[in-house]
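Just so you know, the protein sequences line up as chains A and B, in that order.
Under the numbering used here, the first residue of the first sequence carries the number 1, and numbering increases by one thereafter.
Under the numbering used here, the first residue of the second sequence carries the number 1, and numbering increases by one thereafter.
Some clues are possibly wrong.
Said to hold, decoys possible - Label pairs and their in silico Cβ distance ranges:
| no. | chain 1 | residue 1 | chain 2 | residue 2 | range |
| --- | --- | --- | --- | --- | --- |
| 1 | B | Glu31 | A | Val19 | 28 to 34 Å |
| 2 | A | Ala22 | B | Asn111 | 24 to 30 Å |
| 3 | A | Glu46 | B | Ser6 | 28 to 34 Å |
| 4 | B | Ser110 | A | Leu11 | 35 to 41 Å |
| 5 | A | His8 | B | Glu7 | 41 to 47 Å |
These are computed hints drawn from the structure, not numbers from a lab.
Don't be surprised by glycine CBs; every beta carbon is placed ideally from N, CA and C.
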Amino acid sequence: MTTREKAHVVLDHLPEDRVDAALAALEAVEGKDTSVEAILARHGEERLSPEEFDRHFGSLPTDDEG
Amino acid sequence: MAEVRSEPVFPVGFDEDALTEDLERLPASAENALREFRKELRREGGIPKSRLKACHDEGQDATMLGGCVKTYVPWPAGRFGAVFVAVTHPNRPMALRAFAFGVRHHPQESNAETVYEVAHRRLAHSRPTRD
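Looking at chain B on its own, in the form it has when it is part of the complex (with noise of 0.2 Å):
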């Protein structure tokens, strides 16, 4: 009988250029976290939106992620988080692209970037209004 779902579970995927630029900077028990979140992934086919929450569109620390989603890793209160931007593709259903991989809030006195901030940047220098 088939498994009936409660919500809706969105696919995503990865980009390993990103991932491998964040895994660079994280300490080994990001690569663990992220290896089991993508496990879970898999297991269930993506993400349940139950899982997910709304970046805003101005942070509190000065971040820009309107449009973008997110997601703790582990859930529901892990150290790290995941940030996702909506997709469309020609031959695939709708489903969550994952574009930043990280930590979620350093001590103050850090001038490490938290996933937010590597979310923002990336988004920006995306946008053609930079500069």
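Next comes chain A alone, as it looks inside the complex (with noise of 0.2 Å):
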């Protein structure tokens, strides 16, 4: 196992209310995760579905950038 696996194990099996201290000093380390994934997880996010997207989103205009 490596050492980041390992991470993940502890914290998956922190108890809930100590993960926002562990997150913390994660951050103090490592500097602010700007991954999409990240950000959605400290907002308590989740994408919505494509099903979803589709149907709020489906009918919008693109242009030729991005």
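Two chains, two frames, some hints: make the complex.
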């Protein structure tokens, strides 16, 4: 098991009330994670399902960038 | 009398950590544009659907932002842009989470990332298939 895998296991087994403190400690070491996954986790959010996304945004126009 | 909305308006949330990272590499004009944009959002209660565009699954710039939406800042043809994912939360209505803010286009000789490249990187780092 790699150190990273071990870290995941430790985090997965932490009681809920200690997760925030553990994350704060990690961020202090590594800096803030700005991946979308981390951003959504910080805000307690999940991405909309593709079906729901299409229902709300399927008709949006596009452009020639991004 | 209550105002009647003619189109959907989506609440928008920002991530201050991502914004801080973005603003560090942007000119001061970006901060002003963002401030005005956030004021507009507060005034309107979110972003109207007519100010959104769909991102491409595979863009001409090699970014892959399928399932994301974007807007120009300021609207309708500003130099800056914001990229969002649509999100759900157990206790809040469906909303858009802004996860990248920056310049839409750089001069060809520039090595700086566009807002779409930043968004691609942040999205790609979330995918379990990475590496």
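Practice problem: Could you check the structure against the hints above and give me the numbers of any it violates, in ascending order? | Solution: 2
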